[in-house]
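There are 4 protein chains.
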Amino acid sequence: MFTITKPLRFGDCDPSGIAYFPSYLNILVGVLEDFFASLGFPWRAMNDELRMSVPTVRLDLTFVSPGFQGDALDFALAVRAIGRASLDLEHTVSARDTVLWTARHRIVAASIDTNASLAWPDDIRAALTQQLETPHAHHPAT
Amino acid sequence: MFTITKPLRFGDCDPSGIAYFPSYLNILVGVLEDFFASLGFPWRAMNDELRMSVPTVRLDLTFVSPGFQGDALDFALAVRAIGRASLDLEHTVSARDTVLWTARHRIVAASIDTNASLAWPDDIRAALTQQLETPHAHHPAT
Amino acid sequence: MFTITKPLRFGDCDPSGIAYFPSYLNILVGVLEDFFASLGFPWRAMNDELRMSVPTVRLDLTFVSPGFQGDALDFALAVRAIGRASLDLEHTVSARDTVLWTARHRIVAASIDTNASLAWPDDIRAALTQQLETPHAHHPAT
Amino acid sequence: MFTITKPLRFGDCDPSGIAYFPSYLNILVGVLEDFFASLGFPWRAMNDELRMSVPTVRLDLTFVSPGFQGDALDFALAVRAIGRASLDLEHTVSARDTVLWTARHRIVAASIDTNASLAWPDDIRAALTQQLETPHAHHPAT
Chain B
1 MFTITKPLRF
11 GDCDPSGIAY
21 FPSYLNILVG
31 VLEDFFASLG
41 FPWRAMNDEL
51 RMSVPTVRLD
61 LTFVSPGFQG
71 DALDFALAVR
81 AIGRASLDLE
91 HTVSARDTVL
101 WTARHRIVAA
111 SIDTNASLAW
121 PDDIRAALTQ
131 QLETPHAHHP
141 AT
Chain Y
143 MFTITKPLRF
153 GDCDPSGIAY
163 FPSYLNILVG
173 VLEDFFASLG
183 FPWRAMNDEL
193 RMSVPTVRLD
203 LTFVSPGFQG
213 DALDFALAVR
223 AIGRASLDLE
233 HTVSARDTVL
243 WTARHRIVAA
253 SIDTNASLAW
263 PDDIRAALTQ
273 QLETPHAHHP
283 AT
Chain P
285 MFTITKPLRF
295 GDCDPSGIAY
305 FPSYLNILVG
315 VLEDFFASLG
325 FPWRAMNDEL
335 RMSVPTVRLD
345 LTFVSPGFQG
355 DALDFALAVR
365 AIGRASLDLE
375 HTVSARDTVL
385 WTARHRIVAA
395 SIDTNASLAW
405 PDDIRAALTQ
415 QLETPHAHHP
425 AT
Chain A
427 MFTITKPLRF
437 GDCDPSGIAY
447 FPSYLNILVG
457 VLEDFFASLG
467 FPWRAMNDEL
477 RMSVPTVRLD
487 LTFVSPGFQG
497 DALDFALAVR
507 AIGRASLDLE
517 HTVSARDTVL
527 WTARHRIVAA
537 SIDTNASLAW
547 PDDIRAALTQ
557 QLETPHAHHP
567 AT
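So the protein sequences, as listed, match chains B, Y, P and A.
Going by the numbering used here, the first residue of the first sequence is number 1, and it counts up by one from there.
Going by the numbering used here, the first residue of the second sequence is number 143, and it counts up by one from there.
Going by the numbering used here, the first residue of the third sequence is number 285, and it counts up by one from there.
Going by the numbering used here, the first residue of the fourth sequence is number 427, and it counts up by one from there.
Quick caveat, the hints were computed from the structure, so don't treat them as lab data.
Predicted model only: the values in this text are computed from it and were never measured.
Glycine included, C-beta positions come from ideal geometry on N, C-alpha and C.
Watch out, some of these pointers could steer you wrong.
Stated by the list, open to error - Some chain Y residues near chain B, calculated using beta-carbon distances under 7 angstroms:
| # | residue |
| --- | --- |
| 1 | F163 |
| 2 | L167 |
| 3 | V199 |
| 4 | D202 |
Chain B extracted, bound-state conformation (with noise of 0.2 angstroms):
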């Protein structure tokens, strides 16, 4: 599982004293952006080598408590499913010890020239493989 820390900034905030929800997929994108990173695929370079991007094409968002100013905001994210061109993740987002929201993702490889999805490269969906979250997903012949 893929975690990582983000401060709820007060720009993120709005008017009522909690979280602004679209800042928080703000957020959200940038940690997805992490993700890749840390598997050695920086979006950069997808995007201007590979011409792919990863749009969502599904999000279920469940928000169960407010965030506040100056919360940290622990990101988990679980790889659930690797299609031919989709990946389904799920999220979850904590401070003080609450979950404060979750969702199911899912997210295409796409063609950044014909917005078509695409297979996703070996070298990428190996790195993703490496990443899947379910019973004996590294071992699919037992």
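Position chains Y, P and A relative to chain B; hints supplied.
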């Protein structure tokens, strides 16, 4: 059904040339704000006078087709259910006669001071009920 | 002078209850986009067909009075000077008959491919020149 | 001088492929927040306990060179002057050993309740004064 058109701006798009989805959600919050204002309940008054905000608790997003800089985004917001403190909405967002994305969305009325849920005030509930889009919605006894 | 009114939204304000200034600037870029569109030069076509964008090179901001959620922001944009590749603008932003902030703003025409400055194309220059707001601007021979 | 490095993310860039300047300013506000926290004054406590925020009243920006997705932005913040309620800062933002942009920046201490300026509390003033970067700043008697 509440409908409104919003431009997809240069600043809402990303280096891959399509809409950055957190920007879509910032626009969506503005549509929700316009919807409440259209019913006679601008958020500033709700915030200041009623000490009430309407945070999102569930949001299930499906992105169907990419949005491009300069698109005119046609938002259609339908009220699907009204609970004691909750409101279930469905959004359909189109451009160029194509559905770009859809959302199932639950918000709740909440206290700005305690973050606890609050029953909808009678006048807001009455206005929301008039927007309900279900068969026989206005004739619960039949 | 180009004028347009934009709402200051819930999502543009911060936990101190007033406008978050980076959101003001996001709105300002939208005003600039509307200004170019009003002259017949929508940015998407400039970007795609001319491979030209208009990055900001100078921006001097003075914030006079706070903006509040729900304010109707009246933008007034004046063209002050046109160079080979540059454009000098002045912005005055008001609400409730009060000036909230002002800006002196220089943009340049630039190549999206090389980031080098580009001379304004003749038709854009002509349209911008018609907007020039200086004494005798429209009567150069007098 | 306070220094910190921040990534320039995919979501901070625009369809022309370079940094979207309002996103730069969102990042800058985060740097300012980090600066105050580094002195022992996190904004949430300032907001909640002192009912104080630090709005921007002047900001003069010069954009020298474009920032690209994936850049590591090196922020250097220098304190130039401290007034009764004001603070003058200078920012230099670099990447790839190149200055991307600079800013002269004045903030003021202000009441969240009245928006009026407030004298810096003694402890904050003392901490800021230790950061002053002017000749002889620490030796006023010489």
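Tested hints:
1. F163: holds (5 angstroms)
2. L167: Hint on L167 of chain Y: holds, closest Cβ of chain B at ~4 angstroms, below 7 angstroms.
3. V199: holds (5 angstroms)
4. D202: holds (5 angstroms)
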